[in-house]
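Could you build the full structure based on these sequences and the hints that come with them?
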Amino acid sequence: MSDDKTNDAPTPATAEDREDRDAIVARRRLLVDATLRAPVTPRPPTGAPQASPMPCLSIASGHPMEPVAPAGFELPPPPPDNARPARLALGALAPITAVGAFVLGVPELSLVSVAFAALCALTVRGRRETVGQSLAMAALDRAARGRFDEARALLDAVAPPRHFSHLGQVVDSQRAALALYEGDLEAAEAFATEAAREGARLGMLGELHRGSALSLRAVARAALGKKDDSLSDVAKLRGSSFRQGSFVARAALAEALLFARERDLESLSRVLRDERALLFGATGPRERMVARALARMVAARRVSVYREPGKRDEEPLSEQASWVARLAPDAAAYANTATLGAPQPAPARLDPDVIARAEKGAPKPRSRRARLLAVAGLLLLGFSALLVLVRARGPALEPAPIEPAPILPLTVALPVLAGLVGVIAYRYLRSKRRVADLSAAGELRLRGLHEEARAVLAPLVRDKGLLVAPQAHRELAAIANATGDPREAAAQAEAGIRGVHVSETSRTLARPVLLPQLYGELAAALAAEGRVARAEEELDRVRALHADYPFLARDTFRVRLVGLAATGRLDEAAELARSRPVDLFLSMHEELLCDALRVHAGDRLPEGERERVELEVGEEPRGGFLARVAPALHAELPRRGARVVVAEEPPPSSGLADDQEVEESEPPERAQTR
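Going by the working numbering, the sequence shown runs without a break in its numbering and finishes at 1302.
Zero decoy hints are in this set.
With a cut-off of at most 20 Å between alpha-carbon atoms, the simulated SDA-like pairs for lysine to any residue come out as follows:
1. Lys1060 to Leu830
2. Lys1092 to Glu1122
3. Lys1060 to Val1089
4. Lys1092 to His1129
5. Lys1092 to Glu1132
6. Lys1092 to Ala1064
7. Lys1060 to Ala1083
8. Lys855 to Glu814
9. Lys1092 to Ser1131
10. Lys855 to Ser895
11. Lys1092 to Arg1055
12. Lys1060 to Pro1087
13. Lys1060 to Leu1048
14. Lys1060 to Arg1090
15. Lys1060 to Leu836
16. Lys1060 to Leu833
17. Lys1092 to Ala1053
18. Lys1060 to Phe870
19. Lys1060 to Glu835
20. Lys1092 to Arg1126
21. Lys1060 to Met832
22. Lys1092 to Ile1052
23. Lys1092 to Ala1123
24. Lys855 to Pro957
25. Lys1060 to His794
26. Lys1060 to Ala1086
27. Lys855 to Gly867
28. Lys855 to Glu894
29. Lys1060 to Leu1094
30. Lys855 to Arg889
Derived DEER-like restraints, expressed as beta-carbon distance ranges:
31. Leu739 to Val1044: 18 to 28 Å
32. Ser793 to Pro723: 20 to 30 Å
33. Glu890 to Arg1055: 39 to 49 Å
34. Pro705 to Gly1230: 37 to 47 Å
35. Gly754 to Asp892: 42 to 52 Å
36. Arg891 to Val752: 48 to 58 Å
37. Glu1248 to Arg1090: 26 to 36 Å
38. Gly1047 to Pro708: 31 to 41 Å
39. Arg712 to Arg829: 30 to 40 Å
40. Glu894 to Asp709: 53 to 63 Å
Source of the hints: derived by calculation from the structure; they are not laboratory data.
Note that CB positions come from ideal geometry on N, CA and C, so glycine has one too.
Given below as structure tokens:
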């Protein structure tokens, strides 16, 4: 355990560390710009001894341990620049008005030039943020496909400065996740500390990004043995106003890692039992791998009358198990999983004509209020400039005598100003409450408390706030898909899509993630109904209109998997399940479908995997999802009842029957005969 003192504020990075990190990023950016790369060092085959499971860059040493990006790597095309005409117009008006002020001798007109320049600067900054967000989303997509080198190269290409924006938090959080998933715990802690922005005043969006960084740092610190620091992060996550289910799941995983290091099986069993829904439903594939290995370890050590754990330690570890060993060394022997597919290729570039046709056929916002307001603002600014010019060039007038300011205008202006401030404050506080409600509903959904989540979402679908109702419809669509109700899921997704298109502002804000998520839920519902061709059309729409959508690989895989299973093409579905990349995030229902398909195909699975699948098939809600989406597969698979332990004296229950292997409780003679 670490001897570090408990302190809410993290230890700041030294100047040398910051210089090393900046130099590393600069070198990477030069390599990205030149699209050069040395040959990739091949990874050792599965089962081969590995000197170190940390193939990424170490911040402390500054030595690159793996090349930056694959040969031929190219940055994705930038998103559409709809604000370019306005930016060019403002950029042209600023110098014109400045020259006019100098030529006409009207100093007041220079203020208008400053206003035009400021607006132009804001649009330029907005464009840089948009391009940076697109690169960050593309990096998230590459990480899900298992292409970590490309993900880091995309993050390196985000133009600085990033330190005073939410974009910087996103980039640092993704760097922390990549470092964690490759076993570089020190780098993960350092990047997460940068992303957490400790002591900074952040808005709602910044607080959400801070939660992601704190959850990653909590896991990294727990794996490093920094108990007090990790528990401090866990407390902050559990007490956050905008706590997300995935962040709380990582907090629970951090607690589990700490208990595993202390060999406190009772506390570890309690955490795995109490937070089981989040640990196996709200975590990524690698975190879920660690949680399952810990559950197997607890089950094996509690039921140890027939087992000799020492034999398992002598078995060669897979690449995934070697990574688990970095976080939980004692659980590494229980982390071997079924062989998964290779990393997926990056998405191909689409023909511009295809994108243009998709843009033409996309729904158009019914309201043009934002454009009208923009035009009205420009007209007002131009009229003000004209008044200044007329007054400056008009005949000189005798100055009017100064009279005391009347009281009546002040008595009217002050209440109006106070009212405006009050309205702004009310809308801000209300939006905070809505974000908190949506976060709570998402956590309830991930915990499997669907009725409670629906109760929280019921008033939100009628809310008139910006994108509140579409987000509520997305949650309801996800609940319906998880419970095997595709018609309800399609209805909720379509209602959310209509809600997004009420204005140009809402569509612009929803375009990167929310809108394609709704299309993804709609496609999944159509696939579950067997309408595979229509589901593919919705995916094609996402590919054409939302090229930087970070979850396209996941949605494509789940839609095709569910479509094949729903139409009875189980052998093709099993082949697709074998190709699933390690880092592709799926819900626990979809993961069970993959595992059940591999059982159906008779694949060779690690010890106890078949029994675990048979146990989960008979449980709700996962088994119910399988029965509704793939009834033929559900009817074929056997369902195991209560686990029976053949022993002279029954061992104490661990409370982990849902995720432990039946084989772990069986005598070696019986296990060998199966």
